[in-house]
Amino acid sequence: MERIEHDLHQGEDDWHAFRLDHFGASELVFALGLSKKESRTGLLHAKKTGIARQFSQWLQENVLDRGHELEASARPIVARLIGKKLYPSTYSIGKISASVDGLTADGSTAWEHKQYNKEYFDKVAAGEVPEEHMPKCQQELMVTGADKLIFTISDGTEENMVSTEVLPCPEWFEKIRATWAQFEIDLENYVPIEVIEKEQPDAIRQLPAVLIRASGGLVESN
Numbered sequence: 039m040e041r042i043e044h045d046l047h048q049g050e051d052d053w054h055a056f057r058l059d060h061f062g063a064s065e066l067v068f069a070l071g072l073s074k075k076e077s078r079t080g081l082l083h084a085k086k087t088g089i090a091r092q093f094s095q096w097l098q099e100n101v102l103d104r105g106h107e108l109e110a111s112a113r114p115i116v117a118r119l120i121g122k123k124l125y126p127s128t129y130s131i132g133k134i135s136a137s138v139d140g141l142t143a144d145g146s147t148a149w150e151h152k153q154y155n156k157e158y159f160d161k162v163a164a165g166e167v168p169e170e171h172m173p174k175c176q177q178e179l180m181v182t183g184a185d186k187l188i189f190t191i192s193d194g195t196e197e198n199m200v201s202t203e204v205l206p207c208p209e210w211f212e213k214i215r216a217t218w219a220q221f222e223i224d225l226e227n228y229v230p231i232e233v234i235e236k237e238q239p240d241a242i243r244q245l246p247a248v249l250i251r252a253s254g255g256l257v258e259s260n
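Numbering-wise (the working numbering), the sequence shown opens with residue 39 and increments by one.
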């Protein structure tokens, strides 16, 4: 299949529509059942219903938004270290897609950045890519056609930054294609389960709300 570059900007309506209709690199870990954050069934449900996963305001501001800020700070540092500029890019091959944090103009080097985490920082410093992130890296390599990917953990500064190279793996590429082929079949057959809230009896509905006042301990309750 043809490799296509897409002119998309994260957070805009066309970007969300694209993500719902494609199988993104960041979703592969869910499709493989390797994530503690989301199940494979959860991903099937989101794709089938078109309902995007909702994030709390705290998570959005302190993890997602913060992560993008650190990524933007780290990009020019990494670009200087490798001697080539990096450009955020989105590609697809059929329905399999990848949005990379950076790609050189000649397409030879991709870049993936993750926010500082002590455990992951130490692993990358030892030349190891955390298991949770390897699927994303390999799908980005497959879809972009890059010769290598630089995986970086940082807080946006060069002082607290470590990187390691990830090379394309044919066995991973076969696994990616097989995983999404099966996922597409399961998605076609998936029937969303509607959760209906059980109506409470009148006696329960009419009870007063519980009121508790505390100051170091329980002092008053209805």
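Certain hints may be false.
[To be verified] BS3-like mimics (lysine-lysine), calculated; alpha carbons at most 27 Å apart, straight line:
no., residue 1, residue 2
1, K161, K186
2, K186, K86
3, K156, K186
4, K123, K74
[Unchecked claim] Here are the simulated distance ranges between beta carbons:
no., residue 1, residue 2, range
5, R215, H47, 38 to 44 Å
6, P208, I42, 29 to 35 Å
7, Q220, E169, 26 to 32 Å
8, R41, A164, 18 to 24 Å
9, K123, W53, 46 to 52 Å
10, N155, R215, 39 to 45 Å
11, A216, R118, 37 to 43 Å
12, I120, E40, 14 to 20 Å
13, P208, G165, 18 to 24 Å
14, S111, E166, 21 to 27 Å
These are computed hints drawn from the structure, not numbers from a lab. Positions of the beta carbon are idealized from the N, C-alpha and C atoms, including for glycine.
Hints and how they fare:
1. K161 <-> K186: holds, 19 Å
2. K186 <-> K86: Outside the cut-off at roughly 33 Å; violated.
3. K156 <-> K186: holds, 25 Å
4. K123 <-> K74: Distance ~34 Å between K123 and K74 Cα, so the pair is violated.
5. R215 <-> H47: 38 to 44 Å: violated, 28 Å
6. P208 <-> I42: 29 to 35 Å: Violated, at about 22 Å.
7. Q220 <-> E169: 26 to 32 Å: For Q220 and E169 the Cβ distance comes to about 21 Å; the hint is violated.
8. R41 <-> A164: 18 to 24 Å: The hinted range 18 to 24 Å is violated for R41 and A164, with Cβ atoms some 33 Å apart.
9. K123 <-> W53: 46 to 52 Å: Once the Cβ atoms are compared, 22 Å apart, the range 46 to 52 Å for W53 and K123 is violated.
10. N155 <-> R215: 39 to 45 Å: violated, 30 Å
11. A216 <-> R118: 37 to 43 Å: holds, 39 Å
12. I120 <-> E40: 14 to 20 Å: Once the Cβ atoms are compared, 28 Å apart, the range 14 to 20 Å for E40 and I120 is violated.
13. P208 <-> G165: 18 to 24 Å: holds, 21 Å
14. S111 <-> E166: 21 to 27 Å: Once the Cβ atoms are compared, 24 Å apart, the range 21 to 27 Å for E166 and S111 holds.
Against the hints set out earlier in the document, violations occur for numbers 2, 4, 5, 6, 7, 8, 9, 10, 12.
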